[in-house]
Amino acid sequence: MMASSYNAKEEDGHHSVSAASGPSAGPSAKSKKPDNTAFKQQRLPAWQPILTAGTVLPAFFIIGLIFIPIGIGLFVTSNNIREFEVDYTGVDASSPCFTCSQTYSWNSSIPCKCAVSFSLEQPFESNVFMYYGLSNFYQNHRRYVKSRDDSQLNGDKASLRNPSKECEPYRSHDNKPIAPCGAIANSLFNDTLELFYIDPNGTRTQIPLVKKGIAWWTDKHVKFRNPGGNNFNLTVVFQGTTKPVNWRKYVYELDTDPENNGFVNEDFIVWMRTAALPTFRKLYRIIQKKSNMTPTLPRGNYTLDVTYNYPVRSFEGRKRMILSTISWMGGKNPFLGIAYITVGSVCFFLGVVLLIIHHKYGNRNNSADIPN
Amino acid sequence: MLQQCTGEENWVDSRTVYIGHREPPPGTEAYIPQRFPDNRIVSSKYTFWNFVPKNLFEQFRRIANFYFLIIFLVQLIIDTPTSPITSGLPLFFVITVTAIKQGYEDWLRHKADNAVNQCPVHIIQHGKVVRKQSHKLRVGDIVLVKEDETFPCDLILLSTSRDDGTCFVTTASLDGESSHKTYYAVQDTKSFNTEQELDTLRATIECEQPQPDLYKFVGRINIYQERDEPIARPLGSENVLLRGATLKNTEYVYAVAIYTGMETKMALNYQSKSQKRSAVEKSMNAFLIVYLCILLSKALINTVLKYVWQANPNRDEPWYNEKTESERQRHVLIRAFTDFLAFMVLFNYIIPVSMYVTVEMQKFLGSYFITWDEEMFDDEIGEGALVNTSDLNEELGQVEYIFTDKTGTLTENNMEFIECCVDGHVYVPHAICNGQILPGALGIDMIDSSPGPDGKEHEELFFRALCLCHTVQVKEEETVDGIKRGIHQGKGTSFYISSSPDEVALVEGMKRLGFTYLRLKDNHMEILNREDEIERFELLEVLNFDSVRRRMSVIVRSGTGELYLFCKGADSSIFPRVISGKVEQVRARVEHNAVEGLRTLCVAYKLLTFEEYQDICQLLETAKLALQERDKKLAEAYDAIERDFILLGATAVEDRLQDKAADTIESLHKAGMKVWVLTGDKMETAAATCYASKLFRRSTQILELTTKRTEEQNLHDVLFDLSRTVLRQHGSLTRDTFSGLSNEFQDYGLIIDGATLTAVMKPDQDGSTGNYKEIFLEICRNCSAVLCCRMAPLQKAQIVKLIKFSKEHPITLAIGDGANDVSMILEAHVGIGIMGKEGRQAARNSDYAIPKFKHLKKMLLVHGHYYYIRIAELVQYFFYKNVCFIFPQFLYQFFCGFSQQPLYDTAYLTLYNISFTSLPILLYSLIEQHINMDILKRDPSLYRDIAKNSLLRWRIFIYWTFLGVFDAVVFFFGAYFLFDNTTFTSNGQLMTTNTQMMFGNWTFGTLVFTVLVFTVTLKLALDTHYWTWINHFVIWGSLLFYVVFSLLWGGIIWPFLNYQRMYYVFMQMLSSGPAWLCIILLITVSLLPDVVKKVMCRALWPTTTERIQTKRKCLNVEQSTIFMLSQTSSSISF
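Listed in order, the protein sequences are those of chains A and B. Residues in the first sequence are numbered from 1 upward in steps of one, following full-length UniProt numbering. Residues in the second sequence are numbered from 1 upward in steps of one, following full-length UniProt numbering.
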């Protein structure tokens, strides 16, 4: 619509040229003379706004008035979110996983187990998300980030046999290609976490943990695919490849459920999405709310049973288990709410300052200028 | 070949030219053939063979291109975070486009050279005329030049079609003097005026090696005659016909080539066209170096930190992230160096190749607005402004000194008779119509009361005097070039031609007053008087005009046998020689006219007795025949003859100023520019023009620094005198300003001539030249206007250079129309050519060409101003947006183990500067108008707001950089805190399938990038003062493009890519509520400080520009209804 009006204007410009020069002006003179179009004469109709105290004032007040309530809302929501975190690295000699953390070996056949007990002061009402958190783990290191082969993970058979060079030095082992290749896959988090509720009377009830639906839908269904589709016998498909060096099992042994095995294993997919920062948490399991009557996690004592496989002490890392409920704005984060409140207030304050300036100087300037 | 400097008196090196390549008779002198260059003119830069290497070399000499080449090579060699294509492709594109452009330009130059080199010339060989191509002409060839032809090289005149061995030449295209000058053949060769005769001429010419001074030549011709001793005759500049000058009013001449090709005086006066760089480009390069330092230090800091951090082997190589064997074996220094280079590559986008492309495009496309400008189109010529170099657009907004030519630039080069005054009675011919007489307009307006019968006699004598005392010729042809006026209305076949346009104007004025000069026939001048009778006067003697005497005389015998001596000349040379007449009245009128800027001449006569005439003849004869010091003896004779006059009256002629020249100069003055007039013309004329064009006002005190004065006093004293005058004034001025009484301050105008200038510039024996120069500059600085007259072309350039390199380094602009202005046009920062009458040389060599002087106003005040603010914003914004872009990436290195992990995806890295943020700024830099065009034109003082590169000062540059850093910190840590506190680990239950998505590093980068693109674009939107529909389209369009691109880029598994890291990342981010809130918050925070700063500065310390903007806005509010009405009416017409 705008374009059409502009064109119309251009024609109008042509018209006026011919009208001004009259019929006597020959075609040769006309051709050399620049066109009298608004664009060429830099006279396009334009809106010419100027940022003055007067015009900006309302914007500041409006921003203040919008941001402060949003901030308060965010802050309250964030505070209503229950979150619990437990560190099970076993740095102190007193901590239950101390031994496991000391006697670490990739090749030991007997897994080291330890149990961390904790208690929740308040019940967790809605769905609870269970995360594992790692610290000082540089998943965003360049060498690490690029050490993967997306086409192999997408089920490409050629890449399965001949993984990308980016996977070095985790590309092949014993002259067999590694599937899945690369440093990311090789360092898959392989601790097993189990949660038990200790009744006041002392009985341990295992809390059911759902392990499906923790990865992006698109990742699970599009980006990650087993070679030859999920219905094939994965053992046959992965014939001729070997497991990543640090893995205990082959990739087709990750789960018994064929929907969650091989490259489409959700724990694997979650791990493959490299974290942005060296301290990160990844979704491990979901604890679904059973009924409206009882909270998902009632207050009381719990035990976290850890199969301690994953070494972090060598790089001074930490391992944590986090339980959290969520709201419409995600997990617990007071920062956003505080930031909104702060910015809103600052805008409001600036609005007041500008109002004063506008009244003091705006009038003076105008009155001083107009006589000129 | 030795070249001699201007003003060098000594004949240091000489050449011998054998006329017609004939050896002198044996025994006289050894025949040594010398080698001289041929007559080829070369202005092109490249040849077919050296184009590629030379062009590449020149392009990579540009610091930026070289830098990108290095980055590209580094990316090729080592393992870097980004692919070499990201920098190689744009670089290749830029280099290719530039090479094509420069190649095309050089091809055009080759074509122009060829046209000049191949035009035919006539050469005498073995008694025959041979046609040759110009470039085959050699030194020693005898050349035949016909009327209206241009001389193909520097020649010594041998003979002409005239018996007296003279010829008329116009050197308009060389020094701007359109008058016809007389040149003389050597007395002993003037009889050789057929081909056969010339074939028998045996002579050699010894002369100095070529030097650029047009007015200087020293040489000797040796003519060998049979048996006799050779005759030696001195040769001077009056014998030399210069390349570029044109033969006039002479049928043909024979002349011998002495300097050819690039050795001609014209070519020596041309300076090589060096690449001009604008002040903005210089600041840009300075900023670039700062950013290069920032870049290097960033890379260095990161490399050092990386190795400090990696000192712990578990950090360097944790179990989950091992190196390959080859990486491990590399030496630590090599690794460190590679890491350093990798960091360089990672941060190299801080100096984007696209900035140079954008700047080039802005300049190239922006310059079209000049050519498109209708106000700068001249209907008379049928041409608009031309842009030859778009590199200097913004320099038009920075001009501090304007050097303008006079003839043809300030003036029309078109004389007009205004009035005459006889014994105090003023006569004005009415109906002056640009050189054409309206029928029936022969009446005379008498301002004063009619004179008595005695007056009547004087009046007629005066008119006759003007009809007789001149050297005007009547030309019966229509197609003559130069000054031509129809004598008979209707016939249109006869024109007056003269070496002085003033004379033509006078004779024409007389015609309008009733006395028509018909012709010179058999030495009798015929005049048609008011009664339509033909009066015949016998012309006895002509005492030619010269610039020292500043008068000319004729001696005629009237029909009744009376002998008259009529003399006309400058008032100062006539009044002292007058013994009777109404001196006081005439003097008053002359002074009045001079103040009006008219060129005045006084007319006097005396009656001669026959005896007196005899004496005069005797006197002249002896003087003319003198072999030594002929000039001096002639001058003495003239002095003796021209005395004891009776004053008749005075005339006033106007060299019409160009349309609106005075208005333009006034505006330029108001805009803070200093205007200097540099002309080859004589002082009086030039000064009159300066008065007329308001360069000098009536109140201006004129300081003279001329030969006349330095003859009386020595230069040293004069200079110190003047500086004392000026400085005393200056001192009292400061006191006056303190006491608030500065209204009465005297402004000064300086007049200097070429010879004195040479003296000022000449290095003294004791090396005190710097001193003189400094004093001269000091005087100039305190003068509001300066007039330099009698300038040789190269001296004009010297003046420009002197100012250009004075300690303030002001930006200079030179404007002229003739070939004599070319050297100064090339020397000045900006050269503007006027498409004038004196050929297209100036327009061709200039950076910009305009049809008329008045167009300079819009060129500088509007276009220059716009280009400057546009490019200033462009440069600052480009640096700003790339700080915003790269600084988060720098910060990210602290959180990824200094591993050079890019924060953004490759596609974003490549496209950020190319497509997401390129168009809005390009468009801004093309059409932004912070103030309306009409206001800029009306209020020239706004130009001062941007003087001295004010928008690119370091303070402002640092502000922008800090703003960029601040924004970058906001983007990065805003995202960091949100990620760190895990809001983003899930997006709640809005989308049940994605309830608990995890965000990875690419989402983090995408979030930062989204905020970045929006902030940077909106920042530009806040800076835009002129929102046309195109701005809306481009700004919102490019944001939309970013979103659509991101959706597409993440929406598909791209088959040709070996990674799919962006798959669905953008969509997942947008499906999360906190991400939206975060984006909005961060954009607001980033823009807030800049908005507050702008508003505060505008309210508390507004600049003139801002005041006018605000004022206009207020007025707009008041008049909004009127505006709306007019808007609607205009929109209806759409």
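The set of hints was computed from the structure by calculation and includes no laboratory data. The reader is advised that the hints may include incorrect statements.
What the hints assert, rightly or not - Derived list of chain B stretches under chain A, where covered just means 3 residues or more per stretch with a C-beta under 8 Å from a C-beta of chain A:
1) 94-103
2) 973-979
3) 1080-1090
4) 1096-1106
Said to hold, decoys possible - DSSO-like mimics (lysine-lysine), calculated; alpha carbons at most 30 Å apart, straight line:
5) A:LYS360 to B:LYS1111
6) B:LYS1094 to A:LYS146
7) A:LYS40 to B:LYS1111
8) A:LYS165 to B:LYS323
9) A:LYS176 to B:LYS111
10) B:LYS101 to A:LYS40
11) A:LYS249 to B:LYS1093
12) B:LYS456 to A:LYS360
13) B:LYS456 to B:LYS660
14) B:LYS682 to B:LYS660
15) A:LYS33 to B:LYS101
16) B:LYS1093 to B:LYS282
17) A:LYS157 to B:LYS282
18) A:LYS360 to B:LYS1094
19) A:LYS40 to B:LYS216
20) A:LYS40 to B:LYS276
21) B:LYS136 to A:LYS40
22) A:LYS33 to B:LYS111
23) B:LYS456 to A:LYS33
24) A:LYS40 to B:LYS937
25) A:LYS212 to A:LYS289
26) A:LYS33 to B:LYS937
27) B:LYS323 to A:LYS243
Keep in mind the model is a prediction, meaning the values are calculated, not measured. Idealized CB from N, CA, C, for every residue including glycine.
We went through each hint and held it up to the structure:
no.	hint	verdict
1	94-103	violated (count 0)
2	973-979	holds (count 5)
3	1080-1090	holds (count 4)
4	1096-1106	holds (count 5)
5	A:LYS360 to B:LYS1111	holds, 16 Å
6	B:LYS1094 to A:LYS146	violated, 44 Å
7	A:LYS40 to B:LYS1111	holds, 27 Å
8	A:LYS165 to B:LYS323	holds, 13 Å
9	A:LYS176 to B:LYS111	violated, 69 Å
10	B:LYS101 to A:LYS40	holds, 24 Å
11	A:LYS249 to B:LYS1093	violated, 62 Å
12	B:LYS456 to A:LYS360	violated, 77 Å
13	B:LYS456 to B:LYS660	violated, 40 Å
14	B:LYS682 to B:LYS660	holds, 23 Å
15	A:LYS33 to B:LYS101	holds, 26 Å
16	B:LYS1093 to B:LYS282	holds, 27 Å
17	A:LYS157 to B:LYS282	violated, 57 Å
18	A:LYS360 to B:LYS1094	holds, 17 Å
19	A:LYS40 to B:LYS216	violated, 50 Å
20	A:LYS40 to B:LYS276	holds, 27 Å
21	B:LYS136 to A:LYS40	violated, 47 Å
22	A:LYS33 to B:LYS111	holds, 27 Å
23	B:LYS456 to A:LYS33	violated, 54 Å
24	A:LYS40 to B:LYS937	holds, 18 Å
25	A:LYS212 to A:LYS289	holds, 15 Å
26	A:LYS33 to B:LYS937	holds, 22 Å
27	B:LYS323 to A:LYS243	holds, 19 Å
Of the hints listed earlier, those the structure fails to meet are numbers 1, 6, 9, 11, 12, 13, 17, 19, 21 and 23, in rising order.
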